[in-house]
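Trainee: Next come the chains, spelled out residue by residue.
There are 2 protein chains.
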Amino acid sequence: MYDGIVQDLIDEFGRLPGIGPKSAQRIAFHILQTPNFDVSHLSKLLGEVREKVRFCEICGNVSEQDRCSICRDPRRNEALICVVEDAKDVAAIERTREFRGRYHVLGGAISPIAGVGPDDLRITQLMQRLADGSVQEVILATNPNLEGEATATYLSRLLTTLEIRVTRLASGLPVGGDLEYADEVTLGRAFEGRRVV
Amino acid sequence: MYDGIVQDLIDEFGRLPGIGPKSAQRIAFHILQTPNFDVSHLSKLLGEVREKVRFCEICGNVSEQDRCSICRDPRRNEALICVVEDAKDVAAIERTREFRGRYHVLGGAISPIAGVGPDDLRITQLMQRLADGSVQEVILATNPNLEGEATATYLSRLLTTLEIRVTRLASGLPVGGDLEYADEVTLGRAFEGRRVV
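For the protein sequence lines, the chains are L and C, in the order given. Quick note: the first sequence, position 109, residue 109 per UniProt numbering, numbers continuous. Quick note: the second sequence, position 156, residue 156 per UniProt numbering, numbers continuous.
Source of the hints: derived by calculation from the structure; they are not laboratory data. Ideal Cβ positions, reconstructed from N, Cα and C, are used throughout, including at glycine. Incorrect hints may have been included.
What the hints assert, rightly or not - Sample of chain C residues facing chain L (criterion: CB under 8 Å; computed from the structure): (1) L9; (2) S43; (3) E48; (4) R50; (5) I164.
Unchecked claim - Heads up, simulated BS3-like pairs for lysine-lysine below, C-alpha to C-alpha not over 25 Å straight-line: (6) K52(L) with K88(C); (7) K52(L) with K88(L); (8) K88(C) with K44(C); (9) K52(C) with K52(L); (10) K52(C) with K22(C); (11) K88(C) with K88(L); (12) K44(C) with K44(L); (13) K44(C) with K52(L); (14) K22(C) with K44(L); (15) K52(C) with K88(L); (16) K22(C) with K88(L); (17) K22(L) with K88(C); (18) K52(C) with K22(L); (19) K22(L) with K52(L).
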């Protein structure tokens, strides 16, 4: 539709997740028409992110060093490991400031449909971390959906052989949500997990 | 939330129009975690788009040469000029394949609230194009909103001094739309512009 580079840039942005053709066009024109938009900075970051960012050799979180900032932090409780599917989940949990232990990023969830089995996840590395007996609790924080539940079930069975407390994040009504609009499964879980006040 | 570069990249994507913090994070991780994502290509395009893409000296459309592909095309009718607010509008009209004339990109619309007056638009350049009397019709294709209508009204008054036919794109019901859901103004315009079948 456009001449050369402009269309190339639109196509390239359109390949990113969550960006449709209209948004891609809007972004390309924004870059083109905003004189103080720092193109070279974005360009530089794109190069650096591939070059310098890797995955923590212990937990699999994103890091610019061999070990991520959480695994390097001596104040974090090493006896507590929170298992998540993705590095984005680490950031989400960190935002709550509720958890002071360490993480283990699986790199996905078991999904027969997507062809992802246990061997495709960082489960061997998790078992290695648990081998020396210093970890007291593993919190399974995979997503509360089909794949996440399957992964949690698989891991909890695997971990019964070890003398470690295995927990799962609570399911229930979202805070600020309306009971009326909760789906049956969530509402059922909220009943199951009800607590004495 | 993340270490250095990853967060920088998320912030940078978050500055683009229509990309919120969650989308920015998703995009950054997509780039990070997709091994065959061509980072250098996107980087290169970002540099080139600023360096090589300029605005057509005649119509103001985006172009990699002094004159855009439409202004260079001898098959396009020079006697017909379609006036639009933005280069994105040129692309939208080109997709219809209905129009075989030339364009004139104003670079915005008159908006007292945004502080955009006639002098901020490429109106002088339009008048220069019309000076030699070769243009027979000017189609005002500014947006059918407050600013676009104001701009069209301003231009139509300005052009009455010249012996040129001045037209405005039809307003009416969107094709495939539902009469029931049309707003009153659009429905009113559809009545006004009704045609004998």
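Trainee: With reference to the structure, classify each hint as holding or not holding.
Mentor: Structure-based check of each hint:
1. For L9(C), the suggested interface contact is upheld, since its CB lies about 5 Å from the closest CB of chain L, less than 8 Å.
2. A least Cβ separation of about 4 Å between S43(C) and chain L falls short of the 8 Å threshold, and the interface hint therefore holds.
3. Interface restraint check: E48(C) against chain L, minimum CB-CB distance 5 Å, threshold 8 Å, status holds.
4. The interface hint given for R50(C) is met, as the beta carbon of that residue sits about 5 Å from the closest beta carbon of chain L, less than 8 Å.
5. Because the beta carbon of I164(C) sits about 29 Å from the nearest beta carbon in chain L, more than 8 Å, this interface hint is broken.
6. Distance hint between K52(L) and K88(C) is unfulfilled; the C-alpha atoms sit about 37 Å from each other, more than 25 Å.
7. As the CA atoms of K52(L) and K88(L) are separated by approximately 18 Å, the hinted pair is consistent with the 25 Å bound.
8. Taking the CA atoms of K88(C) and K44(C), the gap is near 23 Å; set against the 25 Å cutoff, the hint holds.
9. Our distance criterion of 25 Å between C-alpha atoms is broken by K52(C) and K52(L), whose separation comes to about 29 Å.
10. A C-alpha spacing of about 32 Å is found between K52(C) and K22(C), which places the hinted pair above 25 Å, so the restraint is violated.
11. Proximity of K88(C) to K88(L) is assessed by CA-CA distance (about 35 Å); at most 25 Å being required, the pair is judged violated.
12. A C-alpha spacing of about 10 Å is found between K44(C) and K44(L), which places the hinted pair at or below 25 Å, so the restraint holds.
13. As the CA atoms of K44(C) and K52(L) are separated by approximately 19 Å, the hinted pair is consistent with the 25 Å bound.
14. Taken as a hint, the K22(C) and K44(L) pair is honoured in the structure, with Cα atoms around 22 Å apart against an allowance of 25 Å.
15. For the hint pairing K52(C) with K88(L), the CA-to-CA distance comes to about 37 Å; that exceeds 25 Å, so the pair is violated.
16. For the hint linking K22(C) to K88(L), the alpha-carbon distance of about 10 Å falls within 25 Å, and the restraint holds.
17. Between the alpha carbons of K22(L) and K88(C) the distance comes to roughly 10 Å, so the proposed pair stays at or under 25 Å and holds.
18. With a CA separation close to 23 Å, the supplied pair K52(C) and K22(L) stays within the 25 Å bound.
19. Pair hint K22(L) plus K52(L) does not hold up; C-alpha atoms about 32 Å apart against a cutoff of 25 Å.
Going down the numbered hints, you'll see the structure goes against 5, 6, 9, 10, 11, 15 and 19, while the others check out.
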